[in-house]
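Trainee: Chains A and B, in that order, are what the protein sequence lines are. Once you know that position 211 of the first sequence is 211 in the working numbering, the rest is easy, because the numbers rise by one and skip nothing. Once you know that position 166 of the second sequence is 1166 in the working numbering, the rest is easy, because the numbers rise by one and skip nothing.
Certain hints may be false.
Unchecked claim - The calculated SDA-like cross-link candidates involving lysine to any residue, where the alpha carbons are at most 25 Å apart (straight line), are:
no., chain 1, residue 1, chain 2, residue 2
1, B, LYS1320, A, VAL186
2, B, LYS1032, A, LEU40
3, B, LYS1178, A, GLY451
4, B, LYS1280, A, TYR45
5, B, LYS1154, A, SER452
No wet-lab data here; the hints were simulated from the structure.
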Amino acid sequence: MGFSVIAEPMNFVFCFTGVLLGTLIGVLPGLGPGATISLLLPLTYHLNPIASIIMVAGIYYGAKYGGSTTSILLNIPGEVDSVVTCLDGYQMARKGRAGPALGISAFGSFIAGTVATLGLMLVAPTLARFALSFGPPEMFALMVLAMTLIVFMSSGSQAKGLAMAALGLFLGSVGLDVFTNVDRFVFGYNFLLEGLGIVPVIVGLFGVGEVLSNLEVQMRGEVFQKKVSNLLPTLKDWKDSFWPIVRGTFIGFFVGVIPGGGGIASTFASYTVEKRLSKHPEKFGTGAIEGVAGPEAANNACSGANFIPLLTLGIPTNGIMAIIFASLMINGLQPGPLLIKNQPELFWGVIASMYVGNVMLVMLNLPLIGIWVRFLTIPYAILAPLILFFCLLGAYTVKNAVPDLIIMLIFGIVGFLMKKYRYEGAPLIMGFVISELVEGAFIRSLLMSGGSFTIFFSRPISCTLMIVSLLLFILPLFGKKPISMGAGDDEG
Amino acid sequence: MTARCRILRWTVSALALVAVFATGAAAEYPEKPITMYCVFPPGGTVDTSIRALVPGAEQALGRNITVVTKDGGTGTVGLALLAEQKPDGYTLASGTSTAIVRVPLARKMTYKPLGSFTFVYAYAAVASGLLVRPESPFKTFKEMVEYARQNPGKVTYSTMGAGSPLHVIMEVIAMKEKIKWTHVPYKGTAPAETAALGGHVDAVSAGDVNKALSGQMRCLLMHTKEKYARLPDVPTTIDLGYDYYNDTLISVYGPAGMDPAVVKKLEDAFAKAQETPAWKQWLDQFGLVSINMRSGEYTKFLENGWEKEIEIQKALGVLKEPATPPK
Chain A
1 MGFSVIAEPM NFVFCFTGVL LGTLIGVLPG LGPGATISLL LPLTYHLNPI
51 ASIIMVAGIY YGAKYGGSTT SILLNIPGEV DSVVTCLDGY QMARKGRAGP
101 ALGISAFGSF IAGTVATLGL MLVAPTLARF ALSFGPPEMF ALMVLAMTLI
151 VFMSSGSQAK GLAMAALGLF LGSVGLDVFT NVDRFVFGYN FLLEGLGIVP
201 VIVGLFGVGE VLSNLEVQMR GEVFQKKVSN LLPTLKDWKD SFWPIVRGTF
251 IGFFVGVIPG GGGIASTFAS YTVEKRLSKH PEKFGTGAIE GVAGPEAANN
301 ACSGANFIPL LTLGIPTNGI MAIIFASLMI NGLQPGPLLI KNQPELFWGV
351 IASMYVGNVM LVMLNLPLIG IWVRFLTIPY AILAPLILFF CLLGAYTVKN
401 AVPDLIIMLI FGIVGFLMKK YRYEGAPLIM GFVISELVEG AFIRSLLMSG
451 GSFTIFFSRP ISCTLMIVSL LLFILPLFGK KPISMGAGDD EG
Chain B
1001 MTARCRILRW TVSALALVAV FATGAAAEYP EKPITMYCVF PPGGTVDTSI
1051 RALVPGAEQA LGRNITVVTK DGGTGTVGLA LLAEQKPDGY TLASGTSTAI
1101 VRVPLARKMT YKPLGSFTFV YAYAAVASGL LVRPESPFKT FKEMVEYARQ
1151 NPGKVTYSTM GAGSPLHVIM EVIAMKEKIK WTHVPYKGTA PAETAALGGH
1201 VDAVSAGDVN KALSGQMRCL LMHTKEKYAR LPDVPTTIDL GYDYYNDTLI
1251 SVYGPAGMDP AVVKKLEDAF AKAQETPAWK QWLDQFGLVS INMRSGEYTK
1301 FLENGWEKEI EIQKALGVLK EPATPPK
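Generate the whole structure from the sequences, applying the supplied hints.
Mentor: Structure (structure tokens):
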């Protein structure tokens, strides 16, 4: 039935518009689906609800496809979630393997997106109920696991990586405390009350920072291929990427369902898991395709799974879902468990549109690869200001706030210094993202238990996760040979 | 004609000219499009409410009103920005009364809550309430209170934020009933409701009762001043004798010092807009209560509210002195 909905020309057109917009926005650093969707929100009031949800959904998961493009080609994440793709994707591009990186990224995204949609179709209600049982103690245990894995994020000095993670945890605490309404490190600046925005920080650290460090080297960015010869991944690439894509899909799907699970968390999780499971972890950070395939798959599976709590329980798990939620309400459609029953056309229509959308995206993205790479042959003297312009634009559109631009520029300088002295940005971002989640989960758990720490172990899911973290932490000490995590362990 | 007569004639004409000019200025308003800040994020209740109201007002005024998001700090960031704008009626903001009567008590604001604004019109009242999941053992509010009395500190409830009216109302009840329950704050209504749905907290003091209207949760208590028409069997805090209710109003503000004639035009426009089907439909879907409080009444309401809130918070022991001077 869903396919009859999507076959309707109006919906089809909106789906295409959505994914096209999404891809473009994903590619541009800083500019994200959030800002675009809120701009389009008034439009959706006048449109037929199914069409507008299809379009908004298309923008959302389309952006996940496009986000990896600049990550791979320029070491600048196009989307907040694509930070991790920079790590190995860019290194692959430097070795002349931009084509396979982009290709595997697109295909991995397609597979993950399709599987996620399948999951949405088949197991949505059951999974949603499981997601509900994920409360503060479970979240905390998951965050403990995440922090254990941060160690595996750095390809350079582990000490530096941990230092950056700690810095990230600290930076994430800036703002109004949820529990006591005390302002932390705000210094009277109203715009810091909500915290340092993740978009200005990432765009500054990775976008502006990258441009600045390139300018220092020479007025010349690295252009790797004058023509795209090996566009497609080789058979070996496929073999290497197969399991990462499978694992990434599952990880992304799982993270996307739980309340509070975001795209960036799923990519971090996938990357660290792949590195941990790999037979040659030292390759990560120098161009291992597993480091691109896994996270990209996770990202797209996550965005599909994000719809589950919204469409089955009427609970939006992030800002964009909240906008879709409002859009549904305005059109008189009550999101909740009855949505599937009362509005089957909407539910199945959106699912069908996701299948179709993923196909459209893969068909869009592959030929575009050639164009993007050609785009890079523009002299860096022109490219650099263009990139900076889009960074500024992207950071501004988050909240129409000028202070965000200042934050971005400050972090641009920080990013530049970090690259110069070989401190990695990925662990910092991970710490930043986790900060609020881990603190919130911890305090809420203790509020629930009346101060008792046993709550983390008396509940099955959180107990399991805590034990897993403990094991992961201890096991390397008992391993036969020490796991060398770094391509280069500098003491500096 | 005597000199006196001539002087009189000139004075009268001069006065008439001035009068024409003054009303003339108001008669010209609005000459250009109006900007309306929405101090809450897109897709939320306040944002959708003003977007539903604006088309009717645009028609009445004959000019476009553009809604621009300037969110942050429960509306304080946007209002701080508004306070600095010219009071010519071309820059307005839509937000809740929380940023005027509550938040400034706890933190020092750059604006004077009662002094930096013209309170133009209050158009909707929040219909908040206490929700529990269907499997909850509590069938009535009294049951929950009694259980809390027997087990101090064991009953947990979530809200969208510490210091929010939803939090304060639960603590006022606790104070009056002499019981203790535990508050678990979240950032936003959605995670708070999820926690209650999942059974991690016993109840959620929610900003809207839509989940009860749809049957997904049960409502034990309403925080409205009068019985809520859509849930007539649910008692309100006033019904139960607590002498307190959630008086948060969604309203339109302007910078201080706006021309009263301009304010009147805006009041009329918003009142007109509340008769449009678009507004009625929005009310229906989001479950709020429509209010028509014009500037004079609303200003008095807020001034009283300021005093009342200080009193209550001092009684609760959470406030020593207001952090921001009102005027």
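Trainee: Confirm or reject each hint.
Mentor: The hints, checked one at a time:
With a CA separation close to 22 Å, the supplied pair LYS1320(B) and VAL186(A) stays within the 25 Å bound. At most 25 Å may separate the alpha-carbon atoms for a hinted pair to count; LYS1032(B) and LEU40(A) meet this at roughly 24 Å. Taken as a hint, the LYS1178(B) and GLY451(A) pair is honoured in the structure, with Cα atoms around 22 Å apart against an allowance of 25 Å. A threshold of 25 Å between alpha carbons decides the hint, and for LYS1280(B) with TYR45(A) the separation of about 15 Å falls inside it, so the pair holds.
Distance hint between LYS1154(B) and SER452(A) is fulfilled; the C-alpha atoms sit about 12 Å from each other, no more than 25 Å.
Violated hints are absent here; each numbered hint is respected by the structure.
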